[in-house]
Amino acid sequence: MAAETRRYKAPRGTQDILPDEQPYWDFVRTAASRLCDEFGYGRIESPIFEDSGLFTRGVGEVTDIVEKEMYVFEDRGGKTLALRPEGTAPVCRAYLERGMQSLPQPVRLWYWTPIFRYDRPQAGRYRQHHQFGAEAIGDASASVDAEVIELLWRLYEELNLKDLVLNLNTIGDQECRPGYLEALRDYYRGKLDDVCDDCRGRFERNPLRLLDCKNDRCQPIIAKAPAFTDHLCEPCAQHFQDLQTYLRAADISYELNPRLVRGLDYYTRAVFEFQPLEEGGQSTIGAGGRYDGLIEQLGGRPTPGTGFATGIERIVLNLKRQDVDVGEQWHPLVYVAYQTPKAREQAYRLASDLRRASIPAIGAGGDRSLKAQMRHADALGAEYAAIIGERELSDGTVTLKRLRDGTQVTVPTDAVKDHVRAANP
RNA sequence: GUGGGCGUAGCGUAGCGGUUAACGCGCCAGGUUGUGGCCCUGGAGAUCGAGGGUUCAAAUCCCUCCGUCCACCCCA
Numbered sequence: 001m002a003a004e005t006r007r008y009k010a011p012r013g014t015q016d017i018l019p020d021e022q023p024y025w026d027f028v029r030t031a032a033s034r035l036c037d038e039f040g041y042g043r044i045e046s047p048i049f050e051d052s053g054l055f056t057r058g059v060g061e062v063t064d065i066v067e068k069e070m071y072v073f074e075d076r077g078g079k080t081l082a083l084r085p086e087g088t089a090p091v092c093r094a095y096l097e098r099g100m101q102s103l104p105q106p107v108r109l110w111y112w113t114p115i116f117r118y119d120r121p122q123a124g125r126y127r128q129h130h131q132f133g134a135e136a137i138g139d140a141s142a143s144v145d146a147e148v149i150e151l152l153w154r155l156y157e158e159l160n161l162k163d164l165v166l167n168l169n170t171i172g173d174q175e176c177r178p179g180y181l182e183a184l185r186d187y188y189r190g191k192l193d194d195v196c197d198d199c200r201g202r203f204e205r206n207p208l209r210l211l212d213c214k215n216d217r218c219q220p221i222i223a224k225a226p227a228f229t230d231h232l233c234e235p236c237a238q239h240f241q242d243l244q245t246y247l248r249a250a251d252i253s254y255e256l257n258p259r260l261v262r263g264l265d266y267y268t269r270a271v272f273e274f275q276p277l278e279e280g281g282q283s284t285i286g287a288g289g290r291y292d293g294l295i296e297q298l299g300g301r302p303t304p305g306t307g308f309a310t311g312i313e314r315i316v317l318n319l320k321r322q323d324v325d326v327g328e329q330w331h332p333l334v335y336v337a338y339q340t341p342k343a344r345e346q347a348y349r350l351a352s353d354l355r356r357a358s359i360p361a362i363g364a365g366g367d368r369s370l371k372a373q374m375r376h377a378d379a380l381g382a383e384y385a386a387i388i389g390e391r392e393l394s395d396g397t398v399t400l401k402r403l404r405d406g407t408q409v410t411v412p413t414d415a416v417k418d419h420v421r422a423a424n425p
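Take 1 as the starting number for the first sequence in this note's numbering and just add one per residue.
Note that these hints are calculated values from the structure, not bench results.
No incorrect hints appear here.
Pair ranges (Cβ atoms, derived):
| no. | residue 1 | residue 2 | range |
| --- | --- | --- | --- |
| 1 | 102 | 67 | 32 to 38 Å |
| 2 | 209 | 299 | 24 to 30 Å |
| 3 | 209 | 74 | 27 to 33 Å |
Mimicking PhoX-like on lysine-lysine, the simulated pairs with C-alpha atoms at most 25 Å apart in a straight line are:
| no. | residue 1 | residue 2 |
| --- | --- | --- |
| 4 | 371 | 401 |
| 5 | 224 | 191 |
| 6 | 320 | 162 |
| 7 | 342 | 401 |
| 8 | 214 | 68 |
Yeah, the Cβ is synthetic: ideal placement off N, Cα and C, and Gly gets one too.
Make the full structure from the sequences, and use the hints.
What follows is the structure in structure tokens.
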């Protein structure tokens, strides 16, 4: 009976980010990290899995994330854990658990982490994707909302992403939302025969979502629906006004979108989304908002918070679409080749010395002919080939050939470093 | 969870019922005497997604499953 062998494949909805993709990721990561420094956000790394209750309580029992997208598993001790489906709840958990209430408020934190959601994969959507996010916890003022929006705005700006639209809305708080939802339901009640099936479900489950239905049939009804801005309580209205004042002060342009709502339960007041102009379902590239009730929901004292998350895969997708220059992949500066096996040891030593001197170097290996080694050097994109032949071996020299233009010089072995450095500062 | 497209060497594709499955890129090697890129030659590499069926004959037709991509839902 033949043993059954099997080629393993990456699980559905996951990907391998190979070296030739890394320039995109480095480009984004470097910009994000530097901006966070400038804005005074400190990096937090929290576990990739958490007690699943953190998310069911924090994100909301009836959200899609909790109902059908969480990777939940039991560990050997019987604990029910979940791979992180979003980034905000873990940060809030850490804020509470690590006593960050006693730090100067707000506490500014950022993260860069894989996110897991069991969902059908599609363009720009993965079961494991990565999010960069920032949270400011412990300050209710609109200036902090403006600040996180500005941070995200600046990121896209630094990345040279064009044609992004910032949509802004407010969805009130515990004071005014019930009244608005009542008004919205009253408005829809007589029209349920005219809306799509999904909207009939939303009417029961999550009336706010009625507003962002894309079905043509529902558009005329949405257009005449009551606007939240007419039902805001005074503090929420003030907050929204203040936020817009700050955004204008920072020269951030935005569009008020009364139909913008969010799929996570914890949002209050200001919510926002960055959308590329190009149409498409999975287009939201980054989004966020205020979550003043979340910490309390997680067992802390009432503590305000606001933040955003942005999807790295979607950023990379847009960088590619827009042909943004993100820099090049790693190439060796020097490829060390040898003519005969006698020179192998010397070649290895040279490659080793170059690396020790911080010069990216690769040594030839095996029994390849010098010609094959040269081809290899070219294929790797090396700047120089260092050739050690019979003559060099007896002279204690190395022939350095610059592959770009074919010029070459022979220099003493210990002068290779300086020669290469001088030409490539 | 729903709907549609596609699954042939590492990658991109052709072949769409009939001898040893083709091409491009990539990979490896050679084109004599110590050297790349262009060009030329040669080579390795494919149980044609899997299983079943129709047929004298199937990569090619049918069914099922799986995978993948796209869209919906929802989200970054």
